[in-house]
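Visitor: If you want the building blocks of each chain, they are given just below.
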Amino acid sequence: MTFLARRGVAALGLLWLVLTLTFALLHAAPGDAADLLVAPDAPPDAALQLRRELGLDESLAQQYGRWLSNLLRGDLGESFRRREPVTRVLAEALPVSLWLGVTSLALTFIVGVAVGALQASRKDRPTDRLLTGLTTAIYAAPSYWLALSAVALFTYGTSRLGAPAWLRLPAFGLTSPASEATGLAILPDLLRHSVLPIVVMAAVGAAGIARYARTALLDLRRSEWVRTARAKGLGPRRVMFRHLLANALPPLVVLLMLALPGVVAGSVFVESIFAWPGMGRVMLEAIGARDYPVVMGATVAYAGIVVLANAASDVLLHVVDPRRR
Amino acid sequence: MTRTERWAGGLLAVLVLGTILVPLVARKDPLAIDDVLRSRLVGPFSTDEAGQFHLLGTDRFGRDLFVRMMLAGRLSLAIGLVGSAVAGVLGVAVGAIAGWWRGAFDRVAMAVSDAMLAIPRLILLLLCAALWRPGTVTVMVVLAATGWMGVARLVRAEVLGARERPWADAARAVGTPPLRLLVRHVLPNAVGPALVATTLGVGNAILLESGLAFLGLGVQPPHPSWGNMIAGGRDLIVTAPWVAIAPGLALVLTVLGCTLLGDAWRDRLAGEGPTTLADRA
Numbered sequence: 003m004t005f006l007a008r009r010g011v012a013a014l015g016l017l018w019l020v021l022t023l024t025f026a027l028l029h030a031a032p033g034d035a036a037d038l039l040v041a042p043d044a045p046p047d048a049a050l051q052l053r054r055e056l057g058l059d060e061s062l063a064q065q066y067g068r069w070l071s072n073l074l075r076g077d078l079g080e081s082f083r084r085r086e087p088v089t090r091v092l093a094e095a096l097p098v099s100l101w102l103g104v105t106s107l108a109l110t111f112i113v114g115v116a117v118g119a120l121q122a123s124r125k126d127r128p129t130d131r132l133l134t135g136l137t138t139a140i141y142a143a144p145s146y147w148l149a150l151s152a153v154a155l156f157t158y159g160t161s162r163l164g165a166p167a168w169l170r171l172p173a174f175g176l177t178s179p180a181s182e183a184t185g186l187a188i189l190p191d192l193l194r195h196s197v198l199p200i201v202v203m204a205a206v207g208a209a210g211i212a213r214y215a216r217t218a219l220l221d222l223r224r225s226e227w228v229r230t231a232r233a234k235g236l237g238p239r240r241v242m243f244r245h246l247l248a249n250a251l252p253p254l255v256v257l258l259m260l261a262l263p264g265v266v267a268g269s270v271f272v273e274s275i276f277a278w279p280g281m282g283r284v285m286l287e288a289i290g291a292r293d294y295p296v297v298m299g300a301t302v303a304y305a306g307i308v309v310l311a312n313a314a315s316d317v318l319l320h321v322v323d324p325r326r327r
Numbered sequence: 020m021t022r023t024e025r026w027a028g029g030l031l032a033v034l035v036l037g038t039i040l041v042p043l044v045a046r047k048d049p050l051a052i053d054d055v056l057r058s059r060l061v062g063p064f065s066t067d068e069a070g071q072f073h074l075l076g077t078d079r080f081g082r083d084l085f086v087r088m089m090l091a092g093r094l095s096l097a098i099g100l101v102g103s104a105v106a107g108v109l110g111v112a113v114g115a116i117a118g119w120w121r122g123a124f125d126r127v128a129m130a131v132s133d134a135m136l137a138i139p140r141l142i143l144l145l146l147c148a149a150l151w152r153p154g155t156v157t158v159m160v161v162l163a164a165t166g167w168m169g170v171a172r173l174v175r176a177e178v179l180g181a182r183e184r185p186w187a188d189a190a191r192a193v194g195t196p197p198l199r200l201l202v203r204h205v206l207p208n209a210v211g212p213a214l215v216a217t218t219l220g221v222g223n224a225i226l227l228e229s230g231l232a233f234l235g236l237g238v239q240p241p242h243p244s245w246g247n248m249i250a251g252g253r254d255l256i257v258t259a260p261w262v263a264i265a266p267g268l269a270l271v272l273t274v275l276g277c278t279l280l281g282d283a284w285r286d287r288l289a290g291e292g293p294t295t296l297a298d299r300a
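Chains as they are written, first to last, in my numbering: chain B, 3 to 327; chain R, 20 to 300.
One chain only, chain B, in its complex shape (with noise of 0.2 angstroms):
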């Protein structure tokens, strides 16, 4: 209990790091937002009176209060553009970008993990090769390359090729324009739209698991016990699974939670191209429309979600490996 109280006041504290930092950033750009809602034209004093009623004519330290204590009451402000609580509009994308950063996550962890594994029990030989140079290409590449390549192949290429008819798959949206469907009955078409956004996403994360996770375990492989398992006769598929993949657990939970930035930041790329409306869209279109309430919305949530990350994985490490408690 103690040990999750701790954990708790430093996930608080740094928090408010983040919060202060984008509040920092902010004010330290050049320009306010009065700048860019006066009209060009507008009367000298127009901007004055902006400012007075935005409150930017206080003094810095009052505003960061203020800032924070609208904050702490879950007010982030008003979309310039929309006109409507920015707290509104992340809930309306929350769901869409969790959609793709769990499952993708998910699908990230099992196959790097097994390609990791695979190449540990294989080391040195074709396949461990093979596999190095698949990943190590992979991770090189940029995820809008691969999602742009993608949508080719999966759209235009299959369907010259003559492929079969599920493997043409939508590249455009969440669901189809042209389809009525409410409810559970949108489940089979959203699906279908989320295949290629979701394996594009774990391709590149799963490329980078399974490097961390083959390096990982041939580490583990050269130690004594081991050997010790080995020589009391055990196969190498038991000492495998039963001793070292158990002992790969807490380094790989680490892992989980340093690639969940990774996810989280490459969903940007992935939403934009696949037209997705989730938050990586979102924050796009205010940098565009230099709707400044909702990107510090966006960044504020974005960390909220590393934070509440790495402190829940810090507490299933807690759970995974014994000899931490």
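No lab work stands behind these hints: they were computed from the structure.
To spell it out: a stretch of chain R is covered by chain B in this simulated footprint if at least three of its residues, at any positions, have a beta carbon under 8 angstroms from a beta carbon of chain B; those stretches are:
id: 1; region: 135 to 142
id: 2; region: 146 to 157
id: 3; region: 254 to 261
id: 4; region: 274 to 283
Given the structure is predicted, the values throughout are model-derived calculations rather than measurements. For every residue, glycine included, the Cβ atom is placed at its ideal position computed from N, Cα and C.
Since the structure of chain B is provided, determine the placement of chain R on it from the hints.
Guide: For chain R alone, coordinates are given in the frame of chain B:
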């Protein structure tokens, strides 16, 4: 040199030489647009109607993709190298000061680095690109400003460990001034890990730079960058896939070279942990 080092080093050397030489010997200005209708979207390894051969084809304005790709490489490589070199130097300085003198600076620097590591780097880059004017210099500054934390933590840990070693006591006992002890004896121990982290950071920086350019928040057209070239081929991906695929391959090869070289150097140092994951575009 191991085989990996030779291959990765050779690959990077060819790329660097190509980016320097190819635009110099090109017959036509890679930024100039002239007879668009006769030369646009020529496929790879073919000749346009004016009789000009194009190794990788042309884009929608009839500009030679190979020459543009090499010109873009100059900018991408320069931004990646300068951005991560500055980040590396900044990281060594912050890490050394924080680890050697401790105190308030240490606490503030580590808190700031914790906070910055909690925001995904791409989001931090997007935020800065939104607040300042997008462009080459902004991208370089922002890459440096968001890339120092890893190196700073590595160097700080090395310095903290080294100052307690017996040889550090010995050096103090013979009267070595503290600053000389730090620069001549303690820091050289930290240079290896810092160099590896920085080399691996170059590939990352190039990917992030290209990602920003792809989104229109980095290097601005008409200056070519691999990212904005891929963006230019985005809506042609079905009719003229080579426009987006060629710069992507150049990007993959460059990042591959940096990753392999960084990995090989880390293996040389041994005792370092397995690959850590960083944000990728």
